[in-house]
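Chemist: Each protein sequence line maps, in turn, to chains P and C.
Taking UniProt numbering, the leading residue of the first sequence gets 1, the next gets one more, and so forth.
Taking UniProt numbering, the leading residue of the second sequence gets 1, the next gets one more, and so forth.
Honestly, the hints are just simulated from the structure, not real lab data.
The structure displayed is predicted, hence computed values, not measured ones.
Heads up, some of the hints might be wrong.
Just so you know, same-sequence chains aren't split out, so a pair can sit in one copy or run between any two.
[Unchecked claim] Only pairs whose alpha carbons sit at most 30 Å apart, straight line, appear in this in silico BS3-like list of lysine-lysine:
1) K326 <-> K289
2) K289 <-> K369
3) K369 <-> K326
4) K326 <-> K403
5) K14 <-> K56
6) K326 <-> K56
7) K14 <-> K326
8) K369 <-> K14
9) K289 <-> K14
Number of protein chains: 2
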Amino acid sequence: MSDTPDSAVQTVRKYIARHRAAFLDDLAEWLRIPSVSAQPAHAPDVRRSAEWLAAKLTETGFPVAEVWETEGGAPAVFAEWPSGDPDAPTVLVYGHHDVQPAAREDGWDTDPFEPVVVGNRLYARGAADDKGQVFFHTLGVRAHLALTGRTAPAVNLKLLVEGEEEFGSPHFRELVERRRDRLAADAVVVSDTGMWSETTPTVCTGMRGLTDCEIVLYGPDQDIHSGSFGGAVPNPATIAARLAAALHDEHERVTVPGFYDGIAALTEAERRLIAELPFDEESWLATAKSHGTLGEAGYSTLERVWARPTAEVNGIGGGYQGAGSKTIIPSSAVLKLSFRLVAGQDPERIESAVRDWVAARLPDGIRHKITFWGATRPCLTPLDHPALQAVVRSMSRAFDDAKIRFTREGGSGPAADLQDVLGAPVLFLGISVPSDGWHAPNEKVELDLLFKGVETTAHLWGDLSAALR
Amino acid sequence: MSDTPDSAVQTVRKYIARHRAAFLDDLAEWLRIPSVSAQPAHAPDVRRSAEWLAAKLTETGFPVAEVWETEGGAPAVFAEWPSGDPDAPTVLVYGHHDVQPAAREDGWDTDPFEPVVVGNRLYARGAADDKGQVFFHTLGVRAHLALTGRTAPAVNLKLLVEGEEEFGSPHFRELVERRRDRLAADAVVVSDTGMWSETTPTVCTGMRGLTDCEIVLYGPDQDIHSGSFGGAVPNPATIAARLAAALHDEHERVTVPGFYDGIAALTEAERRLIAELPFDEESWLATAKSHGTLGEAGYSTLERVWARPTAEVNGIGGGYQGAGSKTIIPSSAVLKLSFRLVAGQDPERIESAVRDWVAARLPDGIRHKITFWGATRPCLTPLDHPALQAVVRSMSRAFDDAKIRFTREGGSGPAADLQDVLGAPVLFLGISVPSDGWHAPNEKVELDLLFKGVETTAHLWGDLSAALR
Chain P
1 MSDTPDSAVQ
11 TVRKYIARHR
21 AAFLDDLAEW
31 LRIPSVSAQP
41 AHAPDVRRSA
51 EWLAAKLTET
61 GFPVAEVWET
71 EGGAPAVFAE
81 WPSGDPDAPT
91 VLVYGHHDVQ
101 PAAREDGWDT
111 DPFEPVVVGN
121 RLYARGAADD
131 KGQVFFHTLG
141 VRAHLALTGR
151 TAPAVNLKLL
161 VEGEEEFGSP
171 HFRELVERRR
181 DRLAADAVVV
191 SDTGMWSETT
201 PTVCTGMRGL
211 TDCEIVLYGP
221 DQDIHSGSFG
231 GAVPNPATIA
241 ARLAAALHDE
251 HERVTVPGFY
261 DGIAALTEAE
271 RRLIAELPFD
281 EESWLATAKS
291 HGTLGEAGYS
301 TLERVWARPT
311 AEVNGIGGGY
321 QGAGSKTIIP
331 SSAVLKLSFR
341 LVAGQDPERI
351 ESAVRDWVAA
361 RLPDGIRHKI
371 TFWGATRPCL
381 TPLDHPALQA
391 VVRSMSRAFD
401 DAKIRFTREG
411 GSGPAADLQD
421 VLGAPVLFLG
431 ISVPSDGWHA
441 PNEKVELDLL
451 FKGVETTAHL
461 WGDLSAALR
Chain C
1 MSDTPDSAVQ
11 TVRKYIARHR
21 AAFLDDLAEW
31 LRIPSVSAQP
41 AHAPDVRRSA
51 EWLAAKLTET
61 GFPVAEVWET
71 EGGAPAVFAE
81 WPSGDPDAPT
91 VLVYGHHDVQ
101 PAAREDGWDT
111 DPFEPVVVGN
121 RLYARGAADD
131 KGQVFFHTLG
141 VRAHLALTGR
151 TAPAVNLKLL
161 VEGEEEFGSP
171 HFRELVERRR
181 DRLAADAVVV
191 SDTGMWSETT
201 PTVCTGMRGL
211 TDCEIVLYGP
221 DQDIHSGSFG
231 GAVPNPATIA
241 ARLAAALHDE
251 HERVTVPGFY
261 DGIAALTEAE
271 RRLIAELPFD
281 EESWLATAKS
291 HGTLGEAGYS
301 TLERVWARPT
311 AEVNGIGGGY
321 QGAGSKTIIP
331 SSAVLKLSFR
341 LVAGQDPERI
351 ESAVRDWVAA
361 RLPDGIRHKI
371 TFWGATRPCL
381 TPLDHPALQA
391 VVRSMSRAFD
401 DAKIRFTREG
411 GSGPAADLQD
421 VLGAPVLFLG
431 ISVPSDGWHA
441 PNEKVELDLL
451 FKGVETTAHL
461 WGDLSAALR
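Okay, chain P solo, but in the shape it has when bound (with noise of 0.2 Å):
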């Protein structure tokens, strides 16, 4: 069966607004679990959350959801629903049904787990990250089989649905390199990010990576006197200091050696698309509420914050730092330090030139330690991959032909773990925006844009069958 897109669109449209209702009652139900990963008291919602989420699934169709165990104890859901055609690619769905703490007097107006729809917003903890971006994919299915008129998907569709993404998904890695055969796939599709605005509908391409690590300096075997001995000793503080400061050259280039090695350069292309996106200085420093921009020489800030590595400091601290003053020399002192990592940068190369470049930086007297946490590989997929391309001819169906843009996030996400692990592109396909409020009180999703990643969903499995065979 085969419509023009005009009517595949009128097709899909019209299924969306038969079961817009029983889809709004079951994305509320699972919003009032209160499925808060960070508090271990909310472990049993967690539970219960994937639970509900795997039934769901298979009410929705999918042949198999089961609940999969973490060591961490908060459960993923992972769901397989086969095309029946054995040349199908597969496509695995990324989510996580985890949700940030949330409570009334935290400045919500409303109670965070008892989702109120005023006008055209769902106000909940979760309503944006990342339930309602899982659940647009329930009704995405159901909509692409009406559509199509198939039994089953035109692509062998999973779904993996983390429980602790919300504190940094500690056992995600492990999950992955153990069920890698049961995840493998052509192509990933991360339902967890964002668009620019509600009037400029965009794609994400690629994530920074990261690298985080801690520097710990010791000086004296305990706080000396800065009158009897100032001026004379090395002061792991002051030395913590030149650290973080000589990490930055005068154009706020990383000095690191090596760090920049196999970066390709910012295409033309890339930057006028990037310098495209209807960007205004003033609200981006009210989204960062901060008071003025700083960073590498050359490039823009969008450019700045995707698609160019950083070195930060997350924390430094050593010595007094009390009311009043203390004349010592401190004993130690600390340095948390992160890297974010752009296409061509590999992690362990990046450590081990960090930690070349520390400890060639101490001064006798100053002995250190250095830990790195791990780290999360950037993604990148190419602005003319056939997939990316799928999303971006879906998505502009569902936003009436709109042009599609591109964004890139600055952030790290465990979506670099699927595609190391699985060796398959990433894609991005969110509709929350800016203004959704992840992580703050009264967390919204625009409705609309919610049926419109039901409705991109709906075009993009058979599309995306095409592009990746």
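Based on these hints, arrange chain C on the given structure of chain P.
Modeler: Just chain C now, with coordinates in the frame of chain P:
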């Protein structure tokens, strides 16, 4: 009455020998009073200590011995013994009767407030810092009278023994200013310092000054995500580190403009006197509990801590300092700096230079607040000052004509307030040695040296009376 030096020394020693036992009994009685000024529970003991001392000074012969209240509630003791000679100069002795906290469980082998004599050492909290060194003046002035046959000292002798030195003398300056008429003196003798070692008697000639401040830097209005915003906004922890790192150049010289203005270069004679001391880097490092030296190029370690100014980071803090990692850009950071000052430097000018230097180095988007905690001026008595020479001569007699060498103090003390307010040169007469363990468990005083202190003052008042006319 006049003796040859030899017979004078004999006279003094005989007098001391006769009164030695009673002197030690009295000192032990005083040491039993736990006058811990930093612990509110001991406030009555601090008062009792002051009253005990005032009574003892009356018994010693001081016609005036008063307990002076301070705003903090830790009283000082003032005593005065006029010479009777209208042309006699006035000397003010400074010390303190409060002590550091101490408890058996800190590692004391005996009760810190139950003095014990073992061999030639008296163990008790305050034995050296500072009750022992205050108390040798009581027997010293009696020995002086016995030696000279006078009924009053050869100088107008004043004592000021404060009760809050061990928690930073917060009300001392105010007290000195309020009582400046009663305290007026031609010279101040500070007995709250030490000598180089048991075998190297020394006189301290000066202390460094101090000014210290807190700089708080404000960036984003709250901690923000280092992925979403990293590389594009100024990070206050990084900027704090850059300030701290920029404080020194590659020669470890302080870079604040004008910092070294007004400092006279060390003379060859001064450098020779410092170089003559039996300095051993290894044991100095052991005292500093440090594992390497680092300081201003072109100066020895002792020159660096005694005769050169410093900028030290006493504390730095910003962002996440707990276990593991947290990938944020912190909203603020704090930097605690202290500057040790030497003769010629003016704390107010330094404060102003630091304020300007900080303000000029902050990027857009970083606001700041800088607070100075007040300042202590440096003091330095010239080597050829007749009063200093008198101290050297008296000490040499007590130490069997030993060569007296010269030290300085790297720290800063309330002595400088006396110098400032009274406009009098400060002399140091201390007989404590580094092994005495100030502020540490098992504090002790070497009895031989304690009585050398008594002997020195027996000679000193006559010698100073001549030197200060």
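Chemist: All hints are to be evaluated individually against the structure, with a verdict given for each.
Modeler: Against the structure, the hints:
With identical chains, the CA atoms of K326 and K289 are at most 30 Å apart between copies only, with a shortest distance of 18 Å across copies and 32 Å within one. Taking CA atoms no more than 30 Å apart as the test, K289 paired with K369 passes between copies only; the shortest distance there is 19 Å, against 34 Å inside one copy. With identical chains, the CA atoms of K369 and K326 are at most 30 Å apart both within one copy (26 Å) and between copies (18 Å). For the homomeric pair K326 and K403, neither the shortest alpha-carbon distance inside one copy (60 Å) nor that between copies (37 Å) is at most 30 Å.
Proximity of K14 to K56 under the C-alpha cut-off of 30 Å is restricted to the intra-copy arrangement: shortest distance 22 Å within a copy versus 103 Å between copies. With identical chains, the CA atoms of K326 and K56 are never at most 30 Å apart, being 61 Å at best within one copy and 35 Å at best between copies. Proximity of K14 and K326 under a CA criterion of 30 Å is satisfied in neither setting, with 71 Å inside one chain copy and 46 Å between copies. Proximity of K369 and K14 under a CA criterion of 30 Å is satisfied in neither setting, with 62 Å inside one chain copy and 61 Å between copies.
In this homomeric assembly, K289 and K14 never come within 30 Å of each other (Cα to Cα): the closest approach is 42 Å inside a single copy and 78 Å across copies.
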